[in-house]
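K.L.:
Since chain A is already given, all that's left is putting chain B on it; use the hints.
2 protein chains.
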Amino acid sequence: MTSGTSVTSREWQLIARPHGAPRPGDFALREAAPPALRDGQVLVRNLYLSVDPYMRRRMDDVPSYVPPFQLDQPMEGGAVGIVMESAADSLAAGDYVQHMLGWREYAVLDAENATPVDRALAPVSAYLGALGVTGLTAYAGLLRTAALKSGDVVFVSGAAGAVGSQVGQMATLMGASRVIGSAGADDKVALLRAYGFSDAFNYRDAPVVDQLRRAAPEGIDVYFDNVGGEHLEAALDLLNPHGRVVLCGMIAQYNDVEPAAAPRNLILAINKRIRLQGLLARDHTDLRPRFLSEVGGWIRDGKLRYQETIADGIESAPQAFLDMLAGGNTGKMLVRLPG
Amino acid sequence: MTSGTSVTSREWQLIARPHGAPRPGDFALREAAPPALRDGQVLVRNLYLSVDPYMRRRMDDVPSYVPPFQLDQPMEGGAVGIVMESAADSLAAGDYVQHMLGWREYAVLDAENATPVDRALAPVSAYLGALGVTGLTAYAGLLRTAALKSGDVVFVSGAAGAVGSQVGQMATLMGASRVIGSAGADDKVALLRAYGFSDAFNYRDAPVVDQLRRAAPEGIDVYFDNVGGEHLEAALDLLNPHGRVVLCGMIAQYNDVEPAAAPRNLILAINKRIRLQGLLARDHTDLRPRFLSEVGGWIRDGKLRYQETIADGIESAPQAFLDMLAGGNTGKMLVRLPG
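First to last, the protein sequences are chains A and B.
288 is the number that my numbering gives to position 303 of the first sequence; each next residue is one higher, with no gaps.
6 is the number that my numbering gives to position 21 of the second sequence; each next residue is one higher, with no gaps.
Since the hints were made in silico from the structure, they are not lab data.
A portion of the hints provided could be inaccurate.
Claimed, not checked - Label-pair ranges, simulated between beta-carbon atoms:
(1) B/N240 - A/A170: 38 to 44 Å
(2) B/N187 - A/M85: 42 to 48 Å
(3) B/I67 - A/D268: 52 to 58 Å
Given the structure is predicted, the values throughout are model-derived calculations rather than measurements.
Glycine is no exception: its CB is placed at the ideal position from the N, C-alpha and C atoms.
Excised from the complex, chain A in its bound form (with noise of 0.2 Å):
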């Protein structure tokens, strides 16, 4: 079976692979027809898709653990949307769904890599943020990445951004005893208070290592690391015997040329046994009838906030990419196309 629907998509490709920063002309807009559905598969029109850090990485051209973007390729990463035709059994016109072909108005993709998203328990948007991949990183990775325990003090950088934030409140609800969070911005740091962080600065005002010395005065059992650099360098000198560290995110890196030269005090991890573990989300969607059902009730509950900086229109996804890693969102950088 085919489909008869034709529409017109618009899509982002990478034209350029960026030297450092990215540049607005590193992208373009372009035109695409949606291929006609196979069988099996769904046409669904975008109503917002997501801009992350870890696509800066996807724009050079190194192996990783998802292959590098392709130039003049359209790019990919999370959406949700409404299913606008299916020949598939499992999905209905109408349906609202997450899957991975973002950057673009419309997609076509196998039903089975689409997720029926849950608008009872919190809007669309959430599921790019609080309830989909950022928030299952925030959440396994303190369940398993760095194994919380009952009265652990829990320091996260980046905490005002998409996962940091959820990191942050989680904590707490996981039974850390106390939760120190940085963010560059004086409205970050308030907002991270206002979310029941015990303490929070702003890492422009004081060498990190100062300020996280003067809020945790008895060291740290777990740093949750969205930043790398001087904040991971920080943490190793406060983090106390068998602390862990997880390595979820290196945001002051991702556009350098040459490669940072830090942790320079990585041998504080022999004498205090420090566990430091990467994370990525994928290894964990096991857990996410667990997390859907524990942290939706936390959403639910009104115990778990969470924020989204919203771009509106296609035309604006690239900006929106690059002031988020800037730092220029708080909680969740989306982009909203119209419903």
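P.N.:
Chain B only, in chain A's frame:
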């Protein structure tokens, strides 16, 4: 009960904190009469003294898992000796014991801090190396910290050293499919081949990352790090997804005045979900019975070999320590006292 015995002992004291590489003038050999025995104590004449990389860190006045050496006080370290006099029920004159009051000819200590050694299994010196903390470090590091799995490809640096030489051989005995070692001299590389390492290279010959890539074209699963610096960076490049790094030592950096700026590629740990974990044998003393039984059996059956580099006489201890830091030893570096 107090002892009437009176002996004169010589002991090494740290008299100046080294800045960078220690110098012979930082140490002084001084006479001291051991204190009279109190109830529950023994007087031990030391037969072998251990000099180990970690002692360099204790010469700096920085907080660590063991307090720094105090100036003008006897230094401490592993030793084996014979009980000369006992005021404890558990030990008798003539018993051989391992304890931590090295760097001296005679030691007085509580019997509970002296562990009897079985001379039927191996010569007493082995209890400072292959059957001592050194061997337990290798064993626990592979079994627990690396969680070694059958078929893993293992890379170990400092592979002709006390810990490294045991790691490589044990890894094979524990199911590794391939074991690669690096060392800093051609005769050491030859020894590794004689020990049955799958491959070995001299890190001074060419960049570590190039030699490691040649030796492990399909990557490595476990890196046992005794060296830090360039070796750790190369290992991160070559580690396969879900690889594990045992952070055991960073001898390349112990004399550094400025902290080393490496590894520059820790960011790879995220996408490859690499785990790095600091290791101290003291966390794994519960393994000791199993270790003595299994590793003692391997040694007795000739499946596990070890080597010692021996310096004679209490006078030689600081130079033995300096030689060991500079890589002058093969296998375990020991100071032998007249029996």
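K.L.:
Would you mind marking each hint as holding or not holding in the structure?
P.N.:
So, going through the hints one by one against the coordinates:
Between B/N240 and A/A170, the C-beta spacing of about 42 Å keeps the proposed range 38 to 44 Å intact. As the Cβ distance of B/N187 to A/M85 is approximately 47 Å, the hint placing it in 42 to 48 Å holds. For the pair B/I67 and A/D268, the beta carbons lie near 54 Å from each other, so the given range of 52 to 58 Å is met.
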